[in-house]
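A.B. asks: Spelled out from the first residue to the last, the chains are:
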Amino acid sequence: MATTLEEISQAIQTGKMKLVKELVPKAIEEGCSAQSILNDGLLHGMGIIGDRFTRNEAFVPEVLVAARAMNKGIELIKPLLAEEGNKPIGKAVIGTVEGDLHDIGKNIVKLMIESKNIEVVDLGVDVPADKFVEAAKDESVDIVCCSALLTTTMPAIGGVVEALKAAGLRDKVKIMIGGAPVTQEFCDQIGADAYTEDGASAANRAAELILEKKGA
Amino acid sequence: MELYITGIEHPQRVPASGEESLLNQLALAGFGQMVYAPCGGNGTCKQCTVTVSGRLASLSGEERDFHREEVLACRWRPAGDVTVYLDPATGQDRNIAVHSRDIPGGGTGLGLAVDIGTTTVAAYLYDLASGRCLHTAAGMNAQRVFGGDVISRIQYCEQPGGLEQLCAMIRDQIRELAASMCPDLTQIRSLSIAGNTVMEHIFAGLSPVSIGVAPFTPLSLFGDSRPASQFYDCFHPEAELYLSPCVAGYVGGDITAGLLSSGASESDRTVLFLDIGTNGEMGIGDKNGFLTCATAAGPAFEGAEIACGSSAQDGAINHVEPDLSYTTIGELPPETICGSGIIDGVAALLYNEIVDETGRMEGERHTIGGEVYLCAADIRKIQLAKAAIRAGIETLLELSGKTYDDIDQLLIAGGFGAYVDITSACAIGLLPPALKDKTRHVGNSSGMGAAMALDPGCRAQLAKVDESCTYVELSGSKVFNDKYIEAMMFDEWEDVLDG
Ligand code: B12
Ligand code: FES
Chain X
1 MATTLEEISQ
11 AIQTGKMKLV
21 KELVPKAIEE
31 GCSAQSILND
41 GLLHGMGIIG
51 DRFTRNEAFV
61 PEVLVAARAM
71 NKGIELIKPL
81 LAEEGNKPIG
91 KAVIGTVEGD
101 LHDIGKNIVK
111 LMIESKNIEV
121 VDLGVDVPAD
131 KFVEAAKDES
141 VDIVCCSALL
151 TTTMPAIGGV
161 VEALKAAGLR
171 DKVKIMIGGA
181 PVTQEFCDQI
191 GADAYTEDGA
201 SAANRAAELI
211 LEKKGA
Chain F
1001 MELYITGIEH
1011 PQRVPASGEE
1021 SLLNQLALAG
1031 FGQMVYAPCG
1041 GNGTCKQCTV
1051 TVSGRLASLS
1061 GEERDFHREE
1071 VLACRWRPAG
1081 DVTVYLDPAT
1091 GQDRNIAVHS
1101 RDIPGGGTGL
1111 GLAVDIGTTT
1121 VAAYLYDLAS
1131 GRCLHTAAGM
1141 NAQRVFGGDV
1151 ISRIQYCEQP
1161 GGLEQLCAMI
1171 RDQIRELAAS
1181 MCPDLTQIRS
1191 LSIAGNTVME
1201 HIFAGLSPVS
1211 IGVAPFTPLS
1221 LFGDSRPASQ
1231 FYDCFHPEAE
1241 LYLSPCVAGY
1251 VGGDITAGLL
1261 SSGASESDRT
1271 VLFLDIGTNG
1281 EMGIGDKNGF
1291 LTCATAAGPA
1301 FEGAEIACGS
1311 SAQDGAINHV
1321 EPDLSYTTIG
1331 ELPPETICGS
1341 GIIDGVAALL
1351 YNEIVDETGR
1361 MEGERHTIGG
1371 EVYLCAADIR
1381 KIQLAKAAIR
1391 AGIETLLELS
1401 GKTYDDIDQL
1411 LIAGGFGAYV
1421 DITSACAIGL
1431 LPPALKDKTR
1441 HVGNSSGMGA
1451 AMALDPGCRA
1461 QLAKVDESCT
1471 YVELSGSKVF
1481 NDKYIEAMMF
1491 DEWEDVLDG
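Protein chains in written order, with the working numbering: chain X, 1 to 216; chain F, 1001 to 1499.
Please note that a few of the clues may not be correct.
Cross-link-like lysine-lysine pairs, in silico, DSS-like; alpha carbons within 27 Å at most [as the list claims (entries may be wrong)]: (1) K18/X with K1478/F; (2) K213/X with K91/X; (3) K16/X with K1046/F; (4) K72/X with K1478/F.
One side only, chain F facing chain X, incomplete, derived with CB under 10 Å [unchecked claim]: (5) L1059; (6) I1211; (7) D1314; (8) N1481; (9) E1486.
Derived list of chain X stretches under chain F, where covered just means 3 residues or more per stretch with a C-beta under 8 Å from a C-beta of chain F [unchecked claim]: (10) 61 to 70; (11) 97 to 103; (12) 173 to 185.
Derived by calculation from the structure, the hints in this document are not laboratory data. Even glycine gets a Cβ: it sits at the ideal position worked out from N, Cα and C.
Work out the full structure: start from the sequences and follow the hints.
C.D. replies: So this is what it looks like as structure tokens:
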């Protein structure tokens, strides 16, 4: 029989928020730590849906309902997580660049990065370069993520890279970029650190970047 | 260094540069029509293949020799003499059809009406005295090599000389279309042009760059007449040129013209007007005014972004039946699949439960005919595109406080309506099944509106239509966003295909 944590993971994958609301207290009662409910239940389920998204087996609506269920679960265990002293492994800021108002892809990337237990600050859409810089000044920020969906706003990502350089923050943070018109070639050209194609790979890469950074 | 361009009727040698991509050089040499480049050289659509022999360098600097191999024309530049084998069938649209009708007469001389579509350009020659249409002519928009959607054209205009080049291209193309119908251009005393806001900017030589980023403000909304001599020196010296009025950066003169010519703007009952192209413009309303928006569906319905997709060229699968039998354009062996085939194909895959209601495909890909298939990623792209159109419709409906019962007619403008099977379009949820039996094609309504605007009385009417249109910005709209996610599902086909 599946353990309660496995059931939580399942419930996340099918986006069953009500079930998550029942299962999380049950797991707590059974003596699971909040940490394990988070990692082996909630985030585990979200990771699986992310991988299915990458393989075209799941799509935007499924990712969003799964994320809603995940956030509900996290909300329930938040006080316990704080008690246990659980800390996210790192911190990222994300935004859609200036002139661009597309945010569905950015939101998915945000949710997937969160599912790696990374704290994400969402700057929203139409974010000017100096807003990214301002946010990156925060001591604890490890990664700056920029999204662009228009070929006309893609150059604004280069603008963010330059602004971070000018503010002396380039070596402090890693820069990750993406969005439909963005390519690895473009990433190399503007001197960003990483490009990935979709949400799940963005999350994996973000976790790697944080490990590299903290390891170094 | 030179390019030897062959595979065409009169092979040609042109000087080559080591600085610019093969795509740009082919475009500049006038062969842009024979390369399909929906992403405009961004390197993301992977459709600009040409066959080459010779030495080339990739944009990242790698150099090597090729022997009749396919490359992406936008990713490589010549590094020695290069032979390019073109295929004249590539990118052609067999579906271009031009319908015409009479306009009010009573003028003098000849009139030229033009519809500048992002994909195709259609021209109509009128006898202004009788109001009769004498000839029609059409072709693919010559700017297409710089990208399938308006944003790629805008982007090209951002580089030095880009606007001037695109402007000259469209003006030349219109002159050539006119000359093909009328040996003496000085007889043309009136010109009327309708296009989307970006196309009208480029034609007028105005920079469309501000339309490319938020808040998408155009330099002009047109709707005025000027001396044609500002643009041309070949027509009658006193000829005037009228540009159809635009509502906003993404709802242009093609839509106002379409609302007029389709009768939508005169209707007592509520009408939904839909122009399905890369930008999916639409309006809901009646004679008192229209609520309009644009939904950025992208070029998936024109075959771009789809693994085996193409425009409606020879050998393209253009229809697929529920039992998965199919037909091709020119009854040739299947080589690609075009928009109408893609929509039918997805409907058929749903019907056969090869794709489920979430859009998940059984297996990686499914063969439709020959080596032509639809794959799991294709289905996802179709979901993004169809949901954008549908969510636009749902948003307008909600904002205007109407239900489908209130809609008297769904008018579909442009080539899409004429070639796409409405049942399939409803089955995949692109169009609302509730309006399936209220749907009517209105042909090239933009071109017909331009033709009507050759008449001064109709021009006044068109100005009124324009004034009565309200634009809804979907960016940042919560209503749109919720409807968009909802509309990605394929949960309506049973209502349509089984019934
Ligand atoms: C939905 C949509 C809209 C909605 C946006 C709603 C919203 N809240 O976001 C609306 C209707 C408002 C809209 C408006 C416009 N749009 Co629009 N839109 C689309 C559409 C249909 C889908 C985009 C989408 O949401 N995809 C789904 C998500 C999940 O995918 P994604 O964004 O690519 O994100 C994934 C990856 O790219 C990656 N990723 C994304 N960000 C990041 C960031 C990082 C750091 C990383 C690592 C990865 C990453 O991971 C994501 C998840 O896997 C596309 C066409 C299409 N079929 O793709 C056009 C499209 C993007 N839009 C386009 C245009 C032109 C516009 C407009 C300018 C014009 C108009 N007609 O209104 C306006 C302007 C808005 C603006 N300034 O931003 C064009 C752009 C063309 C070009 N050459 O650049 C497109 C391609 C359509 C087209 N070909 O004409 N649009
Ligand atoms: S990849 Fe070359 S034009 Fe799109």
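A.B. asks: Each of the hints needs a verdict: does it hold here or not?
C.D. replies: Checked hints:
no. : hint               : verdict
1   : K18/X with K1478/F : 24 Å, holds
2   : K213/X with K91/X  : 12 Å, holds
3   : K16/X with K1046/F : 39 Å, violated
4   : K72/X with K1478/F : 21 Å, holds
5   : L1059              : 7 Å, holds
6   : I1211              : 9 Å, holds
7   : D1314              : 30 Å, violated
8   : N1481              : 7 Å, holds
9   : E1486              : 8 Å, holds
10  : 61 to 70           : holds (count 3)
11  : 97 to 103          : holds (count 5)
12  : 173 to 185         : holds (count 4)
In summary, the structure is inconsistent with hints 3 and 7 from the numbered list given earlier, while agreeing with the others.
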